[in-house]
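**Student:** Position chain B against the provided structure of chain A, taking the given hints into account.
From first to last, the protein sequence lines stand for chains A and B. This note's numbering numbers the first residue of the first sequence as 1 and each following residue consecutively. This note's numbering numbers the first residue of the second sequence as 1 and each following residue consecutively.
Simulated from the structure, these hints should not be mistaken for laboratory data. Possibly wrong hints are sitting among the right ones.
[What the hints assert, rightly or not] Pair by pair, the computed Cβ-Cβ distance ranges are:
1. B:60 - A:55: 52 to 60 Å
2. B:63 - A:342: 42 to 50 Å
3. A:340 - B:45: 53 to 61 Å
[Said to hold, decoys possible] Capping the alpha-carbon separation at 25 Å, the derived lysine to any residue pairs in SDA-like fashion look like this:
4. B:138 - A:236
5. B:114 - A:342
6. A:342 - A:312
Built from N, CA and C at the ideal position, the CB exists for glycine as well.
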Amino acid sequence: MHSNRSGRRRFLKHGAVLAALAAGTPDLAAGQSEVPDTPTPEAHPKGVLTYGERSRFVNSGRGFKVGISHMTYYTPLQDSAGIITPAPLHFMQAHFARLPEIDPEQHRLTIHGMVDRPLSFSLEDLKRLPSVSRVHYLECHGNSSYNDHISPRVDDPRVGLPVQSIYGLTSCSEWTGVPLSVLLKEVGLQKGASWLISEGADAEKWHYSLPLEKALDDVMVAYAQNGEPVRPEQGYPLRLLVPGFEAPYSVKWLSHIKVVDRPYMTRDENGNHTTVRADLGGKSRWYHWEMPQKSVITRPSAGLKLPGPGFYEITGLAWSGRGAVHRVEVSTDGGRSWKDAKLQAPVLRKAHTRFTLDWTWDGEEAVLQSRCTDERGEVQPSLAELNRHWDIISGPDHPEKKQRPFHVNAIQPWRVEKDGSVYDAMFS
Amino acid sequence: MGAYTMRCFLNLSVPLMILAACVSALAQSDTHSLGAHRLGTPLSQEDIRRFDFMIGPEGKELPPGHGTAKEGAEVFTKQCAVCHGRTGEGGVCQRLVLGSPDNPHRGPFKNSEKTVVSYYASPTIAWEYINRAMPAQKPGSLTPDQVYAVVAFLYYQNGIIQEGDVLDAKSLPKIEMPNRNGFIPAVPVWPPDPKKPSWY
Chain A
1 MHSNRSGRRR FLKHGAVLAA LAAGTPDLAA GQSEVPDTPT PEAHPKGVLT
51 YGERSRFVNS GRGFKVGISH MTYYTPLQDS AGIITPAPLH FMQAHFARLP
101 EIDPEQHRLT IHGMVDRPLS FSLEDLKRLP SVSRVHYLEC HGNSSYNDHI
151 SPRVDDPRVG LPVQSIYGLT SCSEWTGVPL SVLLKEVGLQ KGASWLISEG
201 ADAEKWHYSL PLEKALDDVM VAYAQNGEPV RPEQGYPLRL LVPGFEAPYS
251 VKWLSHIKVV DRPYMTRDEN GNHTTVRADL GGKSRWYHWE MPQKSVITRP
301 SAGLKLPGPG FYEITGLAWS GRGAVHRVEV STDGGRSWKD AKLQAPVLRK
351 AHTRFTLDWT WDGEEAVLQS RCTDERGEVQ PSLAELNRHW DIISGPDHPE
401 KKQRPFHVNA IQPWRVEKDG SVYDAMFS
Chain B
1 MGAYTMRCFL NLSVPLMILA ACVSALAQSD THSLGAHRLG TPLSQEDIRR
51 FDFMIGPEGK ELPPGHGTAK EGAEVFTKQC AVCHGRTGEG GVCQRLVLGS
101 PDNPHRGPFK NSEKTVVSYY ASPTIAWEYI NRAMPAQKPG SLTPDQVYAV
151 VAFLYYQNGI IQEGDVLDAK SLPKIEMPNR NGFIPAVPVW PPDPKKPSWY
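Next up, chain A with everything else stripped away, as it sits in the complex:
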C-alpha cells in the first residue's frame, strides 16, 4: 500500500515489467501507456500453479439446488476439518439464478441518510482505512429445519449426505474488512439515527434493516475471506458481515447503506423470513436476529459407513450466535448418558468450534448425538423440548410436518446400525 498515487503507479508498472518479462515479451518499453494490473494466464509456463489446486484425488464439493429464481449451495460438513470452511466450499443462498458480476474499479459503497457527510467509498478507499480480521460463522436461519430431514432432496445425490443437505447452510471463515463503526464515524451520525438499511447490487437489490447499536458493535464491511478477496458467491467485492445474526443480514455485493430512525420492515424481513407461531397465538415472530446455540456431529454421520468395530474419533461442530461455546457433551447411547467432548482451540465467539470425543464402537446399535451450552448457559434443546416450546407436532407422520419454523436447533441423533450404516434418527 502506498500513500501517494504516483508511487502506486510506479509499483504497478514495475509489476507489469516483471510480468512481461515472464511472458517473454521482447518489446516492452517502460512508460508505455496501458499497464495491466495482473499477468495473463498465458504468462506462465505449463505446470506452474500461481493459484494452487487441490489434489486430483480430493473431490469433496458443495451440494446444490438451482432453480429459475434461486441458487443454494450446501457445505460438505462431513469432510470438514478444524473450523475454517474453504471459501470455494462456503454455503450460499440467493434468490436469483445468476451471480452479479461487479467490476471492483467501478464499485462504490455509499453511506447516506441521517448522516452529516454522505460519502461514496471506492474499494481502494476502504482498503486504506483501519482494518480488522476476525473468524465468524454464517448460518442461513432456515438451516436444519424440520423439512430438511424429510424433503425429497434427502435422496438427491446432488445435495450431498444428510449432514450436508440438512446442516450445510452454515460455514465459517476469517473475514477481513473495515469495522462499520469506522465508516459511520467518517460520515458522522445525526441525532435520532437508530437503524440502518443495507442494500446489495444483485438483481433484486437485496436489502435488510439492522439496529445501529449492533452496527457499531462488531459489524464489518468485509473485502477479504480467508486471506483472499471475497468470492463472487459471497458478495465480491464487498459484503456486510453481521456476526451471530441470521445470514440474510450480512448483505452481499454491498453497495448502499442508508442511516434511518426506524426499521424499514423490508419485504423479506416482513414476509418470507417471519414465522407464524402457534405458541404466540398465531401471530408471527419477526426480527429474530441472533441464531441460537447448536451443534452437530459431522463424523460419523448419516450416509457414512463404519468399516467395523474399533476406535473412532467422533467429531463435530458447535456454534452460537450469542457468543462462545462453553461446553459440548456427546452421547453414544441415545441420550441416556453424556460425556464432555474436548473443545479444540481456538474457541472463538460467534464462530464454529470443533469438538471431539474418543469412542470405541462395540459393533452394537448406537445412537450418537451432541448438545452444546453457550456462554449464556443456554443448552441446546431436544426435538421434544423444542416442539413443546413452539406448541407444534413435527415428524413424517403428522400433517403439520410442513411446519418449517426457522431457528431449529434441536439435538441431532445419528443411528449406527450393526452393519456400520449410519442413519438420520431425528424423527425415528
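**Tutor:** Only chain B this time, still in chain A's reference frame:
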C-alpha cells in the same frame, strides 16, 4: 539596506499571512464534507436520488405518481401474470392474493401464505419491493405510475381497497393493513430481552 529589506518583508508578510489564512480556510471548507481519514467522495442529494430505492413504512420517500386497480390490471396482465397468475393467485412464482375482492382473507395466516401482500404489516412494502425488484425479467423498469397501479390492483384483489381508489404518495401510507398487528415484537428493539430463551 538590511533594515529596508526587513521593512519590505514585514510590509509584504502581513497581506501574505492573511492570504495564507484565507487559503487554509478555503481548504477546510473543501474537506469539511470528508471525515477524519479524508477518504471517500462527497455525495450530493441529486447523486443519492439516483440510487436510493429504500422506502420506509411511513412512505416519506415515495415519489410523485398515482394509479388505480383498473390501470394496474393492464400492467399486471402484461408484466406479472405470466409468473404470478392472472389475478395474483400464484403460478410458477409466488402467490400474492388470498381470497377475492368480495371475500377477502383477513387472517390468521399460515406459514405457506406469507407471500400474500395482505400479510405485510405496512402498505409501503409491496410498493417498495415491486419498484426495486420487479418484474424479474427487468427489475426497476416500471414507472412510479405503473407501480402505484399494480399495488392498487393487488390491494383491490385482496379486498384491502376499493376498485376506484387512487393510490399516490399521500394515500398509500394511510392504508390500514389487515395484518398490521400480527407481528411480535410489536416494536422491534435491540438488544432483545436477555431473559428470553434462544427459541423465543
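**Student:** Tell me, which hint numbers fail for this structure?
**Tutor:** 2, 5
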